[in-house]
Amino acid sequence: MSLRLFDCNASIGRKIVPHPWEFSTLDRLIAEWDHLGISEGLVYHSLAKEYSPAVGNSRLMDEISGHNRLHPCWVLMPAYTDELERPHLLIPKMIARGVRAARIFPSPPVPLPEFTQQLHRFPLIPAVCDELLGALEQHKVPLFLEVMNFSSVLLVGWDSVQWILSQFPGLPLILSGVRHRDNRTLYALLDHFENVLIDISLYTVHRGIEDIISHFGPQKMLFGTGLPVYGGGGSLAQLTYAEIEESHKQWIAADNLLRLLQGVRSAP
Amino acid sequence: MLHNITENGRLGESLDDIFIFDCHGHIGPSFVHHLPGHDATSMIRSMDRLGIDTLCLSGMASICGDHRVGNDLVGEAIEMFPDRYLGYACINPHYGKETLDELHRCFDVLKCKAVKIHPMFHAHPADGPGYRPVWEFATRKGCPLLTHTLGGDPTCSPKMFDALARDYPQVPILLGHAGNNLAGVAEAVEVCRHRDNVFLDLNYATIHYGVVEHLVDRVGVEKLVFGSDVSWNSLSYSLGMILFAKLSDENKEKILGLNGAPLFDVTCEKRIQGNRP
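Heads up: the protein sequence lines correspond to chains A and B, in order. Heads up: the first sequence is residues 28 to 295, going by my numbering. Heads up: the second sequence is residues 15 to 291, going by my numbering.
Each hint should be verified, as a subset may be incorrect.
[Claimed, not checked] Which chain B residues stay away from chain A? Per the calculated CB distances, all over 12 Å, these:
1. 210
2. 254
3. 285
[To be verified] Chain B stretches covered by chain A per the calculated footprint, using a threshold of three residues with CB under 8 Å from any CB of chain A:
4. 21 to 33
5. 87 to 101
6. 107 to 120
7. 129 to 137
8. 151 to 160
Simulated from the structure, these hints should not be mistaken for laboratory data. All C-beta atoms, glycine included, are put in the ideal place defined by N, C-alpha and C.
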């Protein structure tokens, strides 16, 4: 059976330190999607992550204009410094422009050795993030949070993840970067909180999709590639070869994410 | 019906027409993380579904504290599925007095055919005294040695294997994970290019976009072998990195089985007909 595939985790734009074989352009991303059989996906801009959310989000909208296979995902941060509009103003405008998903890049729990790895340097604490996360929750905007990098370094503390899930139960929170090393934590979170999902881009767990479905059902996972940093072929094969019902594959391939995107409210 | 290999992957079809030899697998649970499908029967079920003919196994417990427990599990798996599993003898170098006896037990009693070392887990360098008997044993047997590698790790960074490959030329050395990170890949390429007896097991390092194609370009397809690292990593995820690589089907078949099996004196013939979904 051929799946309709919707990539929840892709980016365009130049990075500070690209790896030797990755690409940065939209045309190359589309070519890779064609190779993998992916019809569309959520895309954020590297400039929004590694330069300025305002500039990068704007650049994203310009670059993907006219490309109906690419759906924008904005990078956000707390707005007390006026680098972005305050959330109660920004989120409705964002949704009105067709942006129905967001990412944040808070400080890692333990400072990482490289200066640029500290990301956006804000902690996930109420005084800093209540306003932003509350606004996203009111509008039901799916929020992507990269919890671990390729080297298994924790980018977000699990106590912070638990805080978001418990304080903003109406906010769909998608954890990216999760792998087998996280299962003992991940399963507990899936057991306790309805609003947590995972992006399977790096979920390299043998029979992991089957096991999560047997414990929590098929609605907790989203297909993603991690392009252009990662290849996407592994993630795709893990889904196509999963020993699960074909309908459940389709949910993971696209339908779970589409349901989240359709659930976004333009008004709180 | 013969399919294009990439199309097989897109459709999740068992690779019934292609011989697949997986040189890197583990059996048993892990204290480090949760592994849902780590037993012999579960892995065979997955192998059937994907079309994997043979899997070379080491025991997770051998990488941990008690190599006898791990090697026994490998032996039991071989007894259960003798046509499908091939065993690695794996020892913990901190129990050096047992090393040779355990290696002989693995080969003579448990029917293992190759050796595996995990210098990082054992916190003992690949060229350290605890592993020297393993290298010498592999030389006497003329059997392959699979080693964990990690770029920058003082116990198993790929560059360490240049001298070992020179000192033990009769041992086909499989650099597990091909260096395991981008710095490690660069080192692994250099060693592999200069040593005829060094091969790269593609698991995990290949998760980065474009690495498989880069390795084919730099070391030649004949030096690359397929390893999934199941059940530590996902069998289907690892397979997908080869299925969707931008290589000819002919080159994919070499990586998936034709290169690796002869190193273990295994005939390249299809052992199963998979279960098409």
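Handout entry: Index of numbered hints that the structure contradicts, given in increasing order
Key = 2, 5, 6, 7 and 8
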